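Just so we're aligned: the sequence shown equals residues 371 to 411 in the working numbering.
Hints in this document: simulated from the structure, not taken from any laboratory. Here the structure is a predicted model, which is why all the values come from computation and not from measurement. Be aware that a few hints might be false.
Restraint-style ranges between C-beta atoms, simulated for each label pair [said to hold, decoys possible]:
no.	residue 1	residue 2	range
1	I401	I379	22 to 32 Å
2	S411	P377	35 to 45 Å
3	I401	S381	17 to 27 Å
4	S411	A380	37 to 47 Å
5	S385	L408	31 to 41 Å
6	L409	S385	33 to 43 Å
7	L409	D384	27 to 37 Å
C-beta: ideal position from N, C-alpha, C; glycine also.
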Amino acid sequence: MRVAFYPTIASVLDSARPGHKLRWLGLFLFIIGFQFDLLAS
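Full structure from sequences and hints, please.
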């Protein structure tokens, strides 16, 4: 578990593209949340 966790942290904190995967995850969650809000209304 710990061995597989460190490369993930390293890729998120990569100095060449800081937070790049987190940005994509945030955009994905925003779109999914918007769709749920649209369905609920």
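### Query
What are the numbers of the hints that this structure violates, sorted from low to high?
Hints that this structure does not satisfy do not exist here, as all of them hold.
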